[in-house]
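Q: Using the sequences provided together with the hints, build the complete structure.
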Amino acid sequence: MQAALSLAADGLKPVIVERSGAVGGKLRDWHRLFPTMTPAQEVLEEMAGRLEHAGVEVMLHTEVEGIGSKGVTLAEGKTLDAAAVIVASGFDIFDARLKEEYGYHVYDNVYTTVDIERMLNKGHVALHDGSAPRRIAFVHCVGSRDEKVNQRHCSKVCCITGVKQAMEMRELFPEAEIYNFYMDIRMFGPGYEELYQQAQQESGINFIRGRVSEASPTIDGRIQIKAEDTLVGRPMKMTVDMLVLIVGMKAAGGNERLAASCKGVTLAPSGFVAPKDMFAGSVETGAPGVFTAGAATAPKTIGESIAEGAMAAEKVVEYLKKAK
Amino acid sequence: MENLTFYHGFVVPFVVGTSVLFAVIFYKYVRWFTRLPRRDRQKVRRGIFSFATVRAVWECFTECLLHRRIWRVNPLLGYMHTSFALGWFLLIVVGWLETTAYLGGRFVPLQGHIFFKFFTTGLEHGPRWGIDFEAVMDLLLLYVLSGLALALFKRIRSRALGMRRTTRLTFGDRVALGSLWFIFPMRLLAESITSGLFGSGGFLTGSLGGLLAPVATQGLELAAWWGYSIALGVFFVAMPFSRYMHIFTEVPLIFLRRWGLRSEVREKSFDHFQIEACSRCGLCLDPCQMQRDAGLEQVQSVYFVRDRRYNRLTRRVADTCMMCGRCEERCPVGLELNTLRLNSRHALRNTPANDRYAYARNRDTSSGGGRTGYFAGCMTLLSPRILKAMESIFAAVGEEVWWADRSGGVCCGRPLKLSGEVDAAREMMKINAEMFSKQEITTLVTSCPICLKVFREDYVLPGIEVVHHSEYIERLLGEGRIGLTPGTERFTYHDPCELGRGCGIYKPPREIVRRVGTLVEPAETGREAMCCGSSIAGNGLDKNAVGKMGVAVGRAFEQTGAGSVVTACPLCKKAIARNTSLPVADIAEIVERHLVPAK
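Residue numbers (this note's numbering), protein chains in the order written: chain A, 1 to 324; chain B, 1 to 599.
If you are wondering where the hints come from, they were derived from the structure by calculation, not from laboratory data. Where is the CB? At the ideal position from N, CA and C, for every residue including glycine. All the pointers check out, no bait thrown in.
Label pairs and their calculated CB-CB ranges: (1) B:Ser407 <-> A:Glu177: 19 to 25 Å; (2) A:Arg134 <-> B:Gly526: 49 to 55 Å; (3) A:Arg19 <-> B:Arg72: 49 to 55 Å; (4) B:Thr518 <-> A:Arg134: 45 to 51 Å.
A: See below:
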């Protein structure tokens with residue numbers, strides 16, 4: 001969206017091709033954004049408003065097949081003539097069912113962070129039977145930094161998401177015990193570390209360093225998790241009412257189609273689109289005229305994605321000038 | 001006839017080479033035989049006068065000479081090997097007959113047989129015993145030469161003979177191979193020149209001799225015979241140190257195997273017979289997924305056996321293998337490649353167990369009771385859908401079940417065994433076996449083929465039959481204790497290595513799948529099925545390689561056009577699921593979905 005806004009501001013005529021029924025991507029599912037707890041809706045509305053004001057053309061419910069020499073190939077076989085393309089197709093959410101040992105879609109009361117955001121948006125967070133959880137455990141790095149599911153990369157935003165959601169749970173369930181099971185806590189952004197401190201000191205969230213190995217049901221319908229507390233050096237078992245899997249970012253399934261259709265675009269081993277280089281060319285690809293913005297190239301925060309949108313637009317302008 | 005002598009200076013290289021060959025082989029075999037453990041020697045004593053010996057003789061004929069197993073894999077390659085083995089063998093046998101036919105029963109030294117044509121130019125030519133020996137010998141020589149032409153062609157273009165890759169040669173191999181290439185062309189040349197000079201020879205040597213007659217001199221003749229003798233001598237000296245050692249070693253191997261000798265988890269003298277019987281033909285290379293899909297080289301069975309033979313085996317080579325058994329299926333010599341790899345790992349890695357697993361003793365957390373026991377195994381516990389499905393199936397037939405490890409148990413021991421830690425594995429096995437035998441169970445069901453394999457192979461469980469859950473379910477169906485609703489879904493089935501090649505279970509899972517839908521087989525299936533890539537034996541593999549192999553496996557299933565993948569191993573299930581967009585389920589889950597309890 002930001003890329004389109006910047007292009008429009010430069011007097012160009014951008015077109016947004018969107019697969020779903022509305023722009024905004026996954027932001028539309030989120031409740032509040034870390035680290036400031038800003039409502040996601042607020043950001044979304046502001047961006048969408050500016051888009052409308054700028055009169056940017058948006059093609060909804062339109063799937064992209066690939067990028068050819070003449071422009072963007074659309075699903076119905078049509079070709080959208082374009083002088084340059086910015087790929088802002090984002091990421092997929094890791095399918096937690098692949099970590100079968102955590103029991104997602106096997107036992108009740110195992111959720112993902114995406115489920116929690118949706119429940120928060122609906123204003124009703126509760127267990128399967130409608131009751132309030134008394135003990136909640138968050139599991140970090142589900143589908144991130146995990147060779148067993150072919151996801152070696154760090155998804156970056158999950159640590160802070162776990163901290164944020166744990167604090168939101170605290171607001172909703174003041175009496176509950178809340179645990180975070182982690183390998184490392186990576187608080188890279190401004191205000192993140194402070195939020196982490198706050199979660200421990202003010203919200204009373206317990207952080208246990210150790211990966212959860214498996215979850216199994218108990219006779220009374222709760223969930224028993226096995227983990228190792230690596231700071232104490234002991235294996236441990238804990239019975240919880242609610243298990244939240246902090247799912248990672250997976251490279252978008254469409255990336256392969258993109259790389260196959262467009263000569264010059266290559267993928268990193270992780271499946272994300274490989275940028276031309278990591279520094280000055282971070283929004284360019286190996287194909288002239290094809291640029292990227294956001295999580296198409298790697299896991300990114302919303303702020304970073306917006307910044308990249310502006311940068312990609314600038315690169316497009318530069319590219320078009322040269323092409324003339 | 002009396003004045004025939006069988007000596008000339010040029011025979012020296014041949015005589016020396018032959019002497020060295022037999023001395024070395026004698027030394028090796030005596031050493032290996034005398035070092036056989038007592039129980040192996042007992043087996044030899046018991047087997048030697050049994051029918052097994054007759055069968056071994058027959059197998060020597062079909063394998064060492066005819067190479068039937070290679071023919072089955074690749075007819076062109078089969079022809080090449082047979083032409084060398086059978087052709088050369090017949091040249092020797094018919095050559096001996098020829099000598100006898102011409103000279104009667106008189107003693108002829110070895111070189112007299114070999115260089116018969118040179119020493120017997122003074123004899124009257126023509127058929128003996130009604131056989132035109134010269135023509136027969138020429139025919140045999142031509143047969144060998146045709147194989148040689150194929151061999152030369154294979155060195156240049158291996159693909160033409162149906163092999164994508166051939167083995168790289170060691171120094172001994174190069175010397176032996178080089179001299180081998182010269183032997184038969186030199187023989188042809190020498191015999192032809194002699195034929196040209198004396199107007200003898202069959203259709204081949206005679207006519208070539210006729211062509212060479214204008215330029216043939218005695219000097220040239222001697223040079224050719226010298227060349228032939230040197231080629232033979234060099235080949236024989238290099239032979240016991242090269243891959244051609246297999247020519248002889250396969251014979252004692254066949255006998256010992258027929259008498260019941262097998263390799264074990266610990267290295268022993270019998271292994272030498274297997275290792276030196278490897279001809280390094282390289283047929284094991286093409287089925288190897290590590291090579292084909294992950295580009296890993298110099299670790300395949302042929303290289304492993306080579307490195308072990310020359311005492312330069314490293315842990316990297318020993319550990320980089322999934323022990324899927326695809327190469328073992330192809331091996332024309334029938335080597336126990338997995339067991340050999342296993343006992344190498346043991347030799348390189350085993351550390352005494354001491355009290356490492358003392359904590360695991362007396363930790364019986366089993367529950368329930370009854371005649372049927374269920375052992376989930378760690379991978380099933382990490383795949384709770386399978387466990388849930390088994391619970392439903394047991395409930396549907398009203399089976400009283402003793403749950404061995406539903407709340408956590410002790411490892412079956414196979415992962416430790418496969419890594420070479422045999423002593424530690426024995427600890428685990430002891431703990432489990434003791435726990436099983438305390439129960440009243442007569443049947444132990446497991447849904448993990450890895451556990452199944454080790455239960456059947458290493459556990460002594462009197463009165464307890466261990467079955468895979470696919471076998472158990474098939475029995476329930478057979479007895480009419482459960483029914484399945486038929487469906488229209490198209491399934492493809494993945495044979496887990498430990499279940500298929502490991503335990504020989506191919507049919508039961510397929511029978512079950514056919515009851516609930518249509519079964520479409522992947523391109524490689526059954527005994528040749530692909531490994532999922534996640535084998536617990538592959539602890540030396542890096543994750544990149546595992547990933548590449550996984551992608552290839554996922555693609556193979558997608559190409560079948562099936563709507564979903566069914567397998568019968570929790571580890572395979574996980575491995576396939578992360579590499580395909582198709583749904584992947586265990587056979588038990590499919591059964592649960594279609595379950596109709598019998599009335």
